[in-house]
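Number of protein chains: 2
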Amino acid sequence: MCLIVQKFGGSSVKDAACIARVAGIIAKTYQAGNDVLVVLSAQGDTTDELIEKAHGVCSCVPVREMDMLISTGEQVSVALCAMALAGLGVPAVSLTGYQAGVMTDGVFGNARIQTINTARILSELAQRKVVLVTGFQGMSSGGDITTLGRGGSDTSAVALAAALGAQECQIYTDVDGVYTADPRIVPDAQKLDAVAMSEMLELASQGAQVLHDRSVELAQKHDVELRVLSSIEEAEGTHIGKNAVIEKRSVTGITRSMALTRFRLCTRSSERSFMRRIIRLAASCGARLDAVWQYECAEDVQRICLTVPTADAPVLAQELADHAEEFSLDDVSTDEDIATVSVVGAGVMSDAFVLYEAMEALAAEDIAVQGIETGALRIALLVSKGDAERAMCAIHARLVER
Amino acid sequence: MCLIVQKFGGSSVKDAACIARVAGIIAKTYQAGNDVLVVLSAQGDTTDELIEKAHGVCSCVPVREMDMLISTGEQVSVALCAMALAGLGVPAVSLTGYQAGVMTDGVFGNARIQTINTARILSELAQRKVVLVTGFQGMSSGGDITTLGRGGSDTSAVALAAALGAQECQIYTDVDGVYTADPRIVPDAQKLDAVAMSEMLELASQGAQVLHDRSVELAQKHDVELRVLSSIEEAEGTHIGKNAVIEKRSVTGITRSMALTRFRLCTRSSERSFMRRIIRLAASCGARLDAVWQYECAEDVQRICLTVPTADAPVLAQELADHAEEFSLDDVSTDEDIATVSVVGAGVMSDAFVLYEAMEALAAEDIAVQGIETGALRIALLVSKGDAERAMCAIHARLVER
Chain P
1 MCLIVQKFGG
11 SSVKDAACIA
21 RVAGIIAKTY
31 QAGNDVLVVL
41 SAQGDTTDEL
51 IEKAHGVCSC
61 VPVREMDMLI
71 STGEQVSVAL
81 CAMALAGLGV
91 PAVSLTGYQA
101 GVMTDGVFGN
111 ARIQTINTAR
121 ILSELAQRKV
131 VLVTGFQGMS
141 SGGDITTLGR
151 GGSDTSAVAL
161 AAALGAQECQ
171 IYTDVDGVYT
181 ADPRIVPDAQ
191 KLDAVAMSEM
201 LELASQGAQV
211 LHDRSVELAQ
221 KHDVELRVLS
231 SIEEAEGTHI
241 GKNAVIEKRS
251 VTGITRSMAL
261 TRFRLCTRSS
271 ERSFMRRIIR
281 LAASCGARLD
291 AVWQYECAED
301 VQRICLTVPT
311 ADAPVLAQEL
321 ADHAEEFSLD
331 DVSTDEDIAT
341 VSVVGAGVMS
351 DAFVLYEAME
361 ALAAEDIAVQ
371 GIETGALRIA
381 LLVSKGDAER
391 AMCAIHARLV
401 ER
Chain B
1 MCLIVQKFGG
11 SSVKDAACIA
21 RVAGIIAKTY
31 QAGNDVLVVL
41 SAQGDTTDEL
51 IEKAHGVCSC
61 VPVREMDMLI
71 STGEQVSVAL
81 CAMALAGLGV
91 PAVSLTGYQA
101 GVMTDGVFGN
111 ARIQTINTAR
121 ILSELAQRKV
131 VLVTGFQGMS
141 SGGDITTLGR
151 GGSDTSAVAL
161 AAALGAQECQ
171 IYTDVDGVYT
181 ADPRIVPDAQ
191 KLDAVAMSEM
201 LELASQGAQV
211 LHDRSVELAQ
221 KHDVELRVLS
231 SIEEAEGTHI
241 GKNAVIEKRS
251 VTGITRSMAL
261 TRFRLCTRSS
271 ERSFMRRIIR
281 LAASCGARLD
291 AVWQYECAED
301 VQRICLTVPT
311 ADAPVLAQEL
321 ADHAEEFSLD
331 DVSTDEDIAT
341 VSVVGAGVMS
351 DAFVLYEAME
361 ALAAEDIAVQ
371 GIETGALRIA
381 LLVSKGDAER
391 AMCAIHARLV
401 ER
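Respectively, the protein sequence lines represent chains P and B. Residues 1 to 402 in the working numbering are what the first sequence lists, from first letter to last. Residues 1 to 402 in the working numbering are what the second sequence lists, from first letter to last.
Just so you know, the hints here were simulated from the structure itself, not pulled from any lab data. Source: prediction; values computed, not measured. Positions of the beta carbon are idealized from the N, C-alpha and C atoms, including for glycine. One or more of the hints may lead you astray.
[What the hints assert, rightly or not] Taking beta-carbon pairs under 8 Å as the criterion, some of the chain P residues facing chain B (in silico):
hint : residue
1    : Ile51
2    : Gly56
3    : Cys60
4    : Met68
5    : Thr72
6    : Leu80
7    : Ala86
8    : Gly89
Chain P on its own, in the form it takes in the complex:
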């Protein structure tokens, strides 16, 4: 069996005309002899409209009921798409997360998939039906509907592709692939034919919105071959996988991440476990650390700088205030005027010129670099928010377009 998983986002199914186009893509894949499993998001702004409705009836919405409510959006999409396929003469069946066997933990609003019981899906595929599954949702062992949080439909698609051993998991979006930078910011950005999974993971976690990092992580873990394609124009898209050709290039892409808050901490303690304990504190309150630097470690003072998503900043600030005495914190300051511009690629660290060229590019534009973070596949440069877009363009021009 040659099984293709196809995922279409909310803008791809937002109205009848879009659904007709999506049904056409699915039908073509099916008629080429493939088994096809499709994962759909809710139509257009449906999810946001439902959330608004919820806030209209209750100021403090119970998370279980929110999941019950918003999970209807994807159900509408899969039913409509199954109808459109029937209209094209393609046998199809729509399934909710539960019907598709997607079992999750019980964390409403941010559930994680635990197992997928594929019996029903396999039985429908064996009857040569296209199977349409609601993205973004599953059912807990307690029998409650759960949603997977933002990026959940990508995650659903990859998890189903992994569970079914699909040949490829195709993510359809409104762009035609993965670019060396966001074309809305860098007009000369180039489309990539292939990206290694590990590079994609860096790109996704650093603000490239084409794929959610959680789904790329899952794809890497389960060796799922991904392809990012346009639902509007027919093209090869970008192949992301273990076997994706890594071309002779150091730099794969330039991304930026804006919604960050930087904390600066100072302690009089000489306790060597200080940094480790701060990291544990952040983990225990659910604040996701983006980066941590210890930039001073003297006899009587230690200074740490860390960045977290701005959404997680308040809870971390509270935790630090609660533990100020325990940690002998002298001073805690926060700063939201920062952004990271990341240079991602398999060779960015081994090619010594990359960091040099990037720094040169920023200097030529008179952009101050407030910090540098390096990893095997990524160099991140900390700049002011207002400089981020110019920094992307300058680095892209020098490192990608050269």
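On the provided structure of chain P, position chain B as indicated by the hints.
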């Protein structure tokens, strides 16, 4: 445990203000110490809007997918209402038909409830939660979502009340009870405090829209006490049940049924099984017979007149055409200009004056009676559509207001 089942229709939950009012009614019942199970319909015109969406993507919609689609409407309602209750400090949990254990047969669009597995509901009630269940739907043994057809939410409520042994099943509507006639047609119509179940069954099946006849049938079968109440103004409503006081009156109400088509058949056959075979033919093609009269049965000709809901007329007409030769049909004519005006009450047949007075009332208004049908609890008079409202008023004035 004193359990009350409350059902609210689509107009009662159509927006945030309506949901707040409904939540208030539920909270009051709960806070009086009762266990409460609530059945909700989809908001306002949601179901019709979803059906329209379906027809926008496919000209011939598969029934399974239509059920998958429209079942989302009730899910939105129960989730929103659970949120509103939470806002009032009342613990509540919403359940889909499947989660509530409502198992049906596999007839999409018109399923019948087969069993209700009450385990989840009982467990939630035991935790003193208000349980909100999506009306109108269940799940087939094959694991597919099914809907119960028009009037399905009333049916869901009564079936759940029966399965749980509820003390009372309260049907909230936009009127404050059952009337002796539709007040929009007969301004002097009177509200009834109590109606016997059998009378209600006649009223419901003859066009009183306050309750769906299918749900009344189910209530009668399982001895469920019903109460029809207003969701807008607080009042006692109308009690319908085995123990409802049957007052000293012959006539309980006057109804009309407009969407009927009359067939007139003539056969040259003297075959005595003719009428029986025609009834079997109607049953086999799903046409619901309202009434059948054999008004001539001579040596060489038999004439039959029958009425069916206009929706079922085309399929019956086709069946009759297909079997014209087999049945030696000479002539088949159809006529849509008919309506039945029904006089319902426990005493309508035993009180010989009722039919006499009704006929007198129509004669005084110069309304021609084209047929009479009688049953234990009902006298139905066949008149032209244009005469139906005047006939209701005339009969009501003479038999109810006297």
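Evaluated hints:
1. Ile51: Result: violated, 11 Å to nearest chain B Cβ.
2. Gly56: holds, 4 Å
3. Cys60: Hint holds; Cys60(P) Cβ to chain B Cβ min 7 Å, cut 8 Å.
4. Met68: holds, 4 Å
5. Thr72: holds, 4 Å
6. Leu80: holds, 5 Å
7. Ala86: holds, 5 Å
8. Gly89: violated, 11 Å
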